Each structure stands twice: as structure tokens, then as C-alpha cells.
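Novice: Chains as they are written, first to last, in UniProt numbering: chain A, 1 to 203; chain G, 1 to 203; chain H, 1 to 203; chain D, 1 to 203.
Hints in this document: simulated from the structure, not taken from any laboratory.
Quick caveat, the model's predicted, so the values are computed rather than measured.
Just so it is clear, CB atoms sit at the ideal spot from N, CA and C, and this is done for glycine as well.
Some clues are possibly wrong.
[Claimed, not checked] Derived Cβ-Cβ restraints for the label pairs, each shown as a range:
hint : chain 1 : residue 1 : chain 2 : residue 2 : range
1    : G       : ASP54     : D       : ALA14     : 27 to 33 angstroms
2    : G       : GLN198    : A       : ASP55     : 36 to 42 angstroms
3    : A       : VAL113    : D       : GLY37     : 43 to 49 angstroms
4    : G       : PRO145    : H       : GLU111    : 43 to 49 angstroms
5    : G       : GLY47     : H       : ASN152    : 41 to 47 angstroms
6    : G       : SER131    : A       : GLY37     : 38 to 44 angstroms
7    : G       : THR4      : H       : ILE144    : 55 to 61 angstroms
8    : A       : GLU111    : D       : LEU109    : 24 to 30 angstroms
9    : D       : ALA149    : H       : ALA115    : 26 to 32 angstroms
10   : H       : ILE144    : G       : SER67     : 37 to 43 angstroms
11   : H       : SER6      : A       : GLY125    : 58 to 64 angstroms
12   : D       : ALA149    : H       : LEU201    : 45 to 51 angstroms
13   : H       : GLN142    : A       : ASP55     : 56 to 62 angstroms
[Claimed, not checked] Straight line, CA to CA, 25 angstroms or less: simulated PhoX-like cross-link-like pairs of lysine-lysine:
hint : chain 1 : residue 1 : chain 2 : residue 2
14   : H       : LYS22     : A       : LYS22
15   : D       : LYS121    : D       : LYS22
16   : A       : LYS72     : G       : LYS121
17   : D       : LYS121    : A       : LYS121
Okay, here's what each chain looks like letter by letter:
Number of protein chains: 4
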Amino acid sequence: MSDTLSRLRGELIAAGQFFHSKGWVPATSSNFSARLGAEDMLITSSGQHKGRLDDNGFLRADLQGVSLETGKRPSAETGLHTVMYRRDPAIGCVLHTHSVNATVLSMRLEEVVLAGYEVQKAFPGVETHESRLMIPIFPNSQDIPALAAEVNAYLDAHPQTVAYLIRGHGLYTWGTTVADTLRHIEALEFLFECVYRQLLLDR
Amino acid sequence: MSDTLSRLRGELIAAGQFFHSKGWVPATSSNFSARLGAEDMLITSSGQHKGRLDDNGFLRADLQGVSLETGKRPSAETGLHTVMYRRDPAIGCVLHTHSVNATVLSMRLEEVVLAGYEVQKAFPGVETHESRLMIPIFPNSQDIPALAAEVNAYLDAHPQTVAYLIRGHGLYTWGTTVADTLRHIEALEFLFECVYRQLLLDR
Amino acid sequence: MSDTLSRLRGELIAAGQFFHSKGWVPATSSNFSARLGAEDMLITSSGQHKGRLDDNGFLRADLQGVSLETGKRPSAETGLHTVMYRRDPAIGCVLHTHSVNATVLSMRLEEVVLAGYEVQKAFPGVETHESRLMIPIFPNSQDIPALAAEVNAYLDAHPQTVAYLIRGHGLYTWGTTVADTLRHIEALEFLFECVYRQLLLDR
Amino acid sequence: MSDTLSRLRGELIAAGQFFHSKGWVPATSSNFSARLGAEDMLITSSGQHKGRLDDNGFLRADLQGVSLETGKRPSAETGLHTVMYRRDPAIGCVLHTHSVNATVLSMRLEEVVLAGYEVQKAFPGVETHESRLMIPIFPNSQDIPALAAEVNAYLDAHPQTVAYLIRGHGLYTWGTTVADTLRHIEALEFLFECVYRQLLLDR
Numbered sequence: 001m002s003d004t005l006s007r008l009r010g011e012l013i014a015a016g017q018f019f020h021s022k023g024w025v026p027a028t029s030s031n032f033s034a035r036l037g038a039e040d041m042l043i044t045s046s047g048q049h050k051g052r053l054d055d056n057g058f059l060r061a062d063l064q065g066v067s068l069e070t071g072k073r074p075s076a077e078t079g080l081h082t083v084m085y086r087r088d089p090a091i092g093c094v095l096h097t098h099s100v101n102a103t104v105l106s107m108r109l110e111e112v113v114l115a116g117y118e119v120q121k122a123f124p125g126v127e128t129h130e131s132r133l134m135i136p137i138f139p140n141s142q143d144i145p146a147l148a149a150e151v152n153a154y155l156d157a158h159p160q161t162v163a164y165l166i167r168g169h170g171l172y173t174w175g176t177t178v179a180d181t182l183r184h185i186e187a188l189e190f191l192f193e194c195v196y197r198q199l200l201l202d203r
Numbered sequence: 001m002s003d004t005l006s007r008l009r010g011e012l013i014a015a016g017q018f019f020h021s022k023g024w025v026p027a028t029s030s031n032f033s034a035r036l037g038a039e040d041m042l043i044t045s046s047g048q049h050k051g052r053l054d055d056n057g058f059l060r061a062d063l064q065g066v067s068l069e070t071g072k073r074p075s076a077e078t079g080l081h082t083v084m085y086r087r088d089p090a091i092g093c094v095l096h097t098h099s100v101n102a103t104v105l106s107m108r109l110e111e112v113v114l115a116g117y118e119v120q121k122a123f124p125g126v127e128t129h130e131s132r133l134m135i136p137i138f139p140n141s142q143d144i145p146a147l148a149a150e151v152n153a154y155l156d157a158h159p160q161t162v163a164y165l166i167r168g169h170g171l172y173t174w175g176t177t178v179a180d181t182l183r184h185i186e187a188l189e190f191l192f193e194c195v196y197r198q199l200l201l202d203r
Numbered sequence: 001m002s003d004t005l006s007r008l009r010g011e012l013i014a015a016g017q018f019f020h021s022k023g024w025v026p027a028t029s030s031n032f033s034a035r036l037g038a039e040d041m042l043i044t045s046s047g048q049h050k051g052r053l054d055d056n057g058f059l060r061a062d063l064q065g066v067s068l069e070t071g072k073r074p075s076a077e078t079g080l081h082t083v084m085y086r087r088d089p090a091i092g093c094v095l096h097t098h099s100v101n102a103t104v105l106s107m108r109l110e111e112v113v114l115a116g117y118e119v120q121k122a123f124p125g126v127e128t129h130e131s132r133l134m135i136p137i138f139p140n141s142q143d144i145p146a147l148a149a150e151v152n153a154y155l156d157a158h159p160q161t162v163a164y165l166i167r168g169h170g171l172y173t174w175g176t177t178v179a180d181t182l183r184h185i186e187a188l189e190f191l192f193e194c195v196y197r198q199l200l201l202d203r
Numbered sequence: 001m002s003d004t005l006s007r008l009r010g011e012l013i014a015a016g017q018f019f020h021s022k023g024w025v026p027a028t029s030s031n032f033s034a035r036l037g038a039e040d041m042l043i044t045s046s047g048q049h050k051g052r053l054d055d056n057g058f059l060r061a062d063l064q065g066v067s068l069e070t071g072k073r074p075s076a077e078t079g080l081h082t083v084m085y086r087r088d089p090a091i092g093c094v095l096h097t098h099s100v101n102a103t104v105l106s107m108r109l110e111e112v113v114l115a116g117y118e119v120q121k122a123f124p125g126v127e128t129h130e131s132r133l134m135i136p137i138f139p140n141s142q143d144i145p146a147l148a149a150e151v152n153a154y155l156d157a158h159p160q161t162v163a164y165l166i167r168g169h170g171l172y173t174w175g176t177t178v179a180d181t182l183r184h185i186e187a188l189e190f191l192f193e194c195v196y197r198q199l200l201l202d203r
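Using the sequences provided together with the hints, build the complete structure.
Specialist: Spelled out as C-alpha cells, the structure:
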């Protein structure tokens, strides 16, 4: 087993424990992956609790989502990870989490518009709070290939996108490293709580 | 003492610590049980703080709720546990927790209707977010045998039910194992917080 | 140093750490005491952070609030502790905490009325959720002897009272032991969060 | 390396861990400093996660904000720290945090007015809850020298100020020691949550 695989697995286990402490990975929701090389990735296997992952909670898969380990099945949503790695060789990590705010906002809004928040600078290429960040929301579907194709087409048309929500289902975001992607999750969850509180005060 | 009893007790102690960290077992509220065999169960004894349980916080009781250990009294709500084990030999664990959301929603609603949430798939037999889950709410009562009979009749009529609330009093859910039932609690508490936030935004 | 003093001090230190983890003792607010004997008590000294107490954060004082240790000054609110110990020899602990909900509710309401909550059974003498619990709210004052006299007169007239709030200033409750009083705090903070959420939903 | 530097660094690392546990330093937001002497300070370096700081996350800089360590760049907002140390030789610590409440309130209000809260006594010179504390809110800007000059002019005109907010960007406060400044943060975050809940109830 390579050092890289072992290191990435440790980073994803720690990420899961942090998310669990925040309530962002309830029950067996959510899934995490990290790129291993040009053609393969490490991804959480199906049905794991993401706050209590151990070394056995992962498998290697190729970028078509085919398991490279006999007897282990990747997460049902693997296609939403592989679509990102195939789009962009610079992407090294994809994290899907499932917070209350991501869920509720995705059921109330058509998209999440972020403007005027200093924390927007946590995203690559954003230099000022005066920028405007759009987080699209896709309808939920159990047809993952169709959903992945829809995401892919949207990202072709909107290449600056840093994350998206699936309605009633949570957040997907990505980055060059696990640490990068964690920073995106922290910034987005912070912003979602701000947006929720703003919505309440607006009513 | 059997290995099974020791393992189940450890799992229930850990469950209580997790619930306490979330504020779901305030004061000496809540009670937990796990099936030991065809005719007996392990249940928390009366008056314990469920976040600081130790080995002495439990007793063996039969499925009529009679203590099998001299000098130890089972929880006052034992009848709500035994009714589940008698109904269904596949049930291996019953957990009653007492969160703010379970309490407040049970005092505002006639029933909790869950629809459109991906997390609903945490429950057995639910394959899609398009399903519709109904959590009934029973009036609170200090007459536990009467309440148990009411629950039993409701479950006969609605066998797909995964959990219920007692008004002002919290949540009961069950599963084949402690881990299973924990997953239900996590999913339900997540959903209750979503429902609470939706209610606030709806006003 | 007596074993009792050492044990009580340890219990109050642990209570402070728990309260701090919940955000109920911000900055140097709050103060804790426990009865040592018929004529003396242990109380937190002035200006301590109650979440990071050590053995030096306490002093012995008599039930008129006079320090029994040279060079150590008891909390400015000592008179609200001694009035309780003088009233009732069965009282073994008085805890004052300072949560957001205790603060906000005390500034919005004339009194907190609790009815229909199962958790009310955490209080001595309460056997059913059908009881009705009244938590009075006193105007804040920097004149502690006057405030203590007002509390004393109220408790004479309403001996079933289990706790009170001071407006903008937090909660006082008491019990026979530290564990007892901790149970009251947990139950009350749970109920205050319920009341806050009910108020929001009522608007 | 001096004992003072080592001690202060340890205090700021611990402060960051505490803030992170509360969600007040999301992503790589926030920055912390402490005075080392008449002419220099310790400050977090650019781009660090403030909840996971280690010894390498800091650098020495002079009070014009010039790094005294080759290859290390101070935080982009260094000028908001140095302006305070230059104003007042008694200031020993400046902390900038970035909570949801500080962010949301700064985007909804012209200033935060605090009155009637006992916790106001956590600030130097405040002896009673009857005082009135004003926390000004400055428009956000990426031009830090201009923002620092604006803060400086405000503080000249309002020397009793204990903290300020930058719109959409968080809180700045200061004190004679790290412990002092931590107490201010805890008190202010407590008060911001109170103000947010009051605003919601007012609507």
C-alpha cells in the first residue's frame, strides 16, 4: 500500500470526525474521495458512518467508478465524484456532506447567492468580499448518472462554480487537496448558517 | 455474565455519552434497552443520568418488564420497551431520547410528516427521498400500560412506522441492533431540526 | 482540609467545565457554592472563569458571607447563596449560571411558566407533566442585600419555587447535593430552549 | 527565543482551538496578535487555519507591521493590529474573530447597542448593567491602511470603545493580556447571540 493512499485515508477519516462533531454527516449520509493518481481514487465504501470511519471504510476505484478491490462496493453516489476527477486533473478531493442548513436552504431556494461576505475569499480566485458567488441547486434524483451529466453540463457553462447543492440532499465541493476542500466546506457551512439567519430576519 | 450482555451494555453507555454531548438526554430523562434473548432484555435502571451511565446503571428484566435482579428497579417506562420486543422478535434495541426538537415539535404538530429528504433512506425499506414518512405523536400519560397499548394498536394498523413521539416527552425508535437504532436517532434528530427550521421559515 | 471540602470542590470544578462546554458561564459570570456544615460553605472567589476553575478558585465563608480565608474575597453575589443556606438546612448546593436563553427570556417575560413538559418531573415533588411550574423573574440590581431580601420574601410566599431568574443576569437554582442541583440546571436549560423556540413559533 | 514569546504563542494557540470549537474562526479567517515589547509583536502568519495553529503559524513583526522574520508574511490585516498597539502602550493583545452572529449582525445593523445585560461588566470600567455599550460597525474594505485610519479616528472620538465590527467580516477586540481579551470575546459573542435572538423575537 502506498504512502499516499495511507496519508489520504487518514486525512479523510479525520475530516469525517470533524464533520460528525458538527452534525454534518448524519446517519450513513455523505461520502468522501481523494485522487490517488491519473486513473484512480480512494472513496468511502457504501453504508459507512462517516464520523466513525476506519481503514476498512474505503476502497480504490477507477475514474469510471469501478471498484479495484474485490468484494467492496463504492458509495452509490460514486458517479458524482468521478465526474469531477475526469473534468479536471487538478482536482484532488471531492467531499459530499449533509448538514441541516444545506438541506433546508436547498429546499427553500432556487440557488444560494453569496455577496458581501469576507469569507468568500476562502475560494480560489476570489480576492474581495465584493464578488458574488452562486451555489446552484439541482433537483434530487436516485439516477446518479443522469445527475452527474447535469452537473457536468452546468459546470461547462459555469466554470467558476465552487460547489453545488442537491435538493434535500446536501453539499458537494472539491479542491486540489483534502485540506483545500475542508476549507471550502467550513466556509460554505459558515455562509449557509449566515444565509439561514438572514432569511429568518428577512421574514 | 455473558459476552453479549457486556457488549450491549458498552454500546448503550457509549450511545448515552453521544446523546448527552448533543443535549438529547437532559437530567434523568430517556431510557435505553437491548434484547438479550428470546425472553429477556437489558434496560437502564430508574433515575440514572443517561450521559454518565456505568455498568451499575442497567438491569436484566423479562419481556413483561419484571426485574431479574433483586434490588434493582427498571425505568418507569419499561412497558414501552417490552411492547416492542414482544411485537417483533427481530427488534434488538429500543432507544428513547428527549431532545428539544422532539419536545417542541410534539407540542406543535399532530404528526411529523417527512418528505423529500434524502436522509429518509436511513430507514429500513426506504429506497428514495420520494417516499413519505409519518411519525405519529401520542398524548403524554403517566399510565404507561395504557400508552403501550395505544402504541401497540397504532403499530398494528401502521406496520411501516419507524418511530413515534410522545407529546412533550420525546422520541421512541427501535432497530435490529444498537447501531441500527442509533442510526435512526441520528437521522430523526437531523430531520426534526430541518422540520423546525422549515416551520420557522414558513411563518 | 476535610475530605468533604475536597470532594465538593471537585464536583463544582467539573460542573463549571460542563457549563462552559454549553456556553452557560461566559467570561467571569456565574458563581457556585456548596454547604460544608451547619455554619459554613465553599464558594467560588471573585473574578474567576467558571469553566477553568482550579482548587484556588474557591474559599470558605460563613453563612453571613464573611470569608474564612485571609486574602480571599467571595463572589460579589455571595448574599444570594447565603440566603438559601440560612432559609433551609436541607439545601446543600446553590448554582448560578448565565445562559443566553436565561438572559433573553428574563428580558422578554414577566415569569417563565412551564406546563406540559415531561422534564418537569426532574424537580422534587413533581410527579406529572400536568403540573405547572413557575420560575419568577426579579429585576436586576447591583444591591445584592436588597435583592436577597426580595428573593427571601418571594420564597416565603411561594415555597414550591425551584429556581428564579434575575433580569439580564441569569439563573439561580439549588438542591440537596451538587448532583441534584446540576440536574435542575440541565432540566431548566432544556426547558428554556423549548420556551424560546415556542415563543419564536408563536410569533 | 524568549519565555514571553513562547508563553504568548501557547496562549494564542489555545485561544484558536477554543474559538474553532465554537465555530468563530471558519476556514482561514481571523488573526491574533500579542505585544512582545515596546516595539514588536507576535502575529499569526498569512493563510493559517486559526483552530490548528502550531509554533510555525506565527511571526514577529514591528509595530509598523514589517516582518522581523525572513520568509514569513504577516496576516493581510496586520495594520488593524498595529494601530491598536501604537495607540495605547497598555494594550497587550488584539484578537480578530469571525462568528456567524458578528457577521450577520454587522450586515443588519448600523451599530450594536448593548444595554441591560449583566455581562457588560466583563469590560473594563463597567460597574453596572445600567451602562450602555456601543459597538460600532465599519464598512468592509480590502484597503487595510484606510480602514485602520478610520478605526483610529473613531477611537480618538470614542475612547470608551471596547470592540468594533467590520461589516460581513467579524469582530476586533483588545485587552491588556490574552486572558483579558479572551474574556471580551466570550462576553461579546454571548451578547451577540442575545441580540440576534432579541431581533428575531422583535420581528
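Novice: Return the numbers of the hints above that this structure violates; sort them in rising order.
Specialist: Failing hints, ascending: 4, 5, 9, 10 and 17.
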